[in-house]
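Peer 1: Generate coordinates for the entire structure from the input sequences, incorporating the hints supplied.
Quick mapping for you: the protein sequence lines, in order, are chains A and B. Residue numbers 2 to 202, in the numbering used here, belong to the letters of the first sequence in order. Residue numbers 2 to 202, in the numbering used here, belong to the letters of the second sequence in order.
Hints in this document: simulated from the structure, not taken from any laboratory. Be a bit skeptical, because a hint or two may be false.
Because identical chains share one entry, a pair is satisfied inside a single copy or across any pair of copies.
The calculated lysine-lysine pairs, modelled on DSBU-like cross-linking and capped at a C-alpha distance of 35 Å, are [claimed, not checked]:
no., residue 1, residue 2
1, LYS83, LYS165
2, LYS165, LYS23
3, LYS91, LYS197
4, LYS23, LYS103
5, LYS14, LYS37
6, LYS165, LYS52
7, LYS17, LYS91
8, LYS71, LYS14
9, LYS45, LYS23
10, LYS23, LYS80
11, LYS136, LYS45
12, LYS14, LYS45
13, LYS136, LYS23
14, LYS66, LYS37
2 protein chains.
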Amino acid sequence: MLLPLPIQNLIEKISKLPGIGKRQATRIVFYLISRKEELREIIKSLSLIEKEIVICPDCFFPFQKSPNLKKCPICCHPKRNKNIICVVEKETDLLTIEETRKFNGLYHILGGLISPVDPQSYKNLRIKRLLERIKENKIKEIILAFPLTPQGEITSLYLERILKKYQVKITALAKGIPSGGEIEFADPQTIESAFKHRESL
Amino acid sequence: MLLPLPIQNLIEKISKLPGIGKRQATRIVFYLISRKEELREIIKSLSLIEKEIVICPDCFFPFQKSPNLKKCPICCHPKRNKNIICVVEKETDLLTIEETRKFNGLYHILGGLISPVDPQSYKNLRIKRLLERIKENKIKEIILAFPLTPQGEITSLYLERILKKYQVKITALAKGIPSGGEIEFADPQTIESAFKHRESL
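Peer 2: In structure tokens, the structure reads:
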């Protein structure tokens, strides 16, 4: 192989990142090699993340290390309702919900969903810590905010079964016509749910 | 914004890499934050590239720095034909051609193609060094090996016009039916060229 070993190694590592294949990894590596200034900037940024960013031991959202901060700003915030936990698949789901400013409780980032084709996939989820939090902090309600996909539905069912043993209310986000949504394009399941849970005006 | 500044900065930088948008950059950054070991490995690999990989001053292919090596292994190789230069768009084109072992000359990585919508795009190409190489090294033939796209065709025409002022034979890769290609699916241009340049058997 004509490519120097350090280049081969880097392509290998970058092609393991989410959504990147070998071809794109190769393009990225050659791009960086011919732009050393940009490469140095990325190394600096990555090193800063490595040193300064830690993961909240409660909700698993990343935050900047600081001597007085043991948890993330959300979990620490004095005005948040600490009796409700909204469980989401990933960090970006939390960010989208936070941007609405319509939820004032705490979060729990599960770190993935159960895959119907991989029955062992539940083992990688942060379920154990969720159960500890429920016990430690007198949680009254758990909101399951998963995508309405087969993976999301299976994860909801699985967590529901486990959480039933705890003294906690379990809810899920409402299923219905989204804002701006056309009725003619809505699928049967959504329409069924929108009728069943129709609101009084 | 809820996201710590170092995370925002890194997302910004990663979203500038080829083929990566803001959404994917965000996913990659969160992925790395929760896998510090992998993150450290990538920092190490990138730093090695930064320190040890340099770009050949002749053909622009990257190679590993070494006290005795002023050029890349291809440009230095005693058995390569130093009178022919094959001009390619990018590093991966060179790799694909090298893997066939059917070309024994030198290369020149142009670093891109001229875009029909950006007339200034020729300025980023490594044309000046190509012309210097032709003068310095008594080059006899330049093979233009660009993709048969509008960008590739425009770049070929542009280089042809410049190179005509030099004492050098200009050729291009043959256009025809690719190996394994069906006649019924070939486009009119390819068929026309395949007839025009038909080979005697």
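Peer 1: Now look at each hint and say whether the structure bears it out.
Peer 2: Status of each hint after checking the structure:
1. LYS83 - LYS165: Within. Shortest intra-copy distance 20 Å satisfies the 35 Å Cα cut-off; inter-copy 76 Å does not.
2. LYS165 - LYS23: neither (44 Å within a copy, 39 Å between copies)
3. LYS91 - LYS197: within (29 Å within a copy, 58 Å between copies)
4. LYS23 - LYS103: This pair counts as between: shortest inter-copy Cα distance 25 Å, intra-copy 41 Å.
5. LYS14 - LYS37: Answer is both: 19 Å inside a copy and 14 Å across each meet the 35 Å cutoff.
6. LYS165 - LYS52: For LYS165 and LYS52, the Cα distance exceeds 35 Å both inside one copy (40 Å) and across copies (56 Å).
7. LYS17 - LYS91: Both: 19 Å inside a copy, 23 Å across copies.
8. LYS71 - LYS14: Classified as both: same-chain Cα gap 32 Å, cross-chain 28 Å, threshold 35 Å.
9. LYS45 - LYS23: both (24 Å within a copy, 19 Å between copies)
10. LYS23 - LYS80: Cα proximity of LYS23 and LYS80: across copies only (31 Å, versus 47 Å in one copy).
11. LYS136 - LYS45: neither (41 Å within a copy, 41 Å between copies)
12. LYS14 - LYS45: For LYS14 and LYS45, both the intra-copy (18 Å) and inter-copy (11 Å) Cα distances are at most 35 Å.
13. LYS136 - LYS23: Classified as neither; 45 Å inside a copy, 38 Å across copies.
14. LYS66 - LYS37: both (29 Å within a copy, 15 Å between copies)
The structure fails to meet hints 2, 6, 11 and 13 from the earlier list, while all remaining hints are met.
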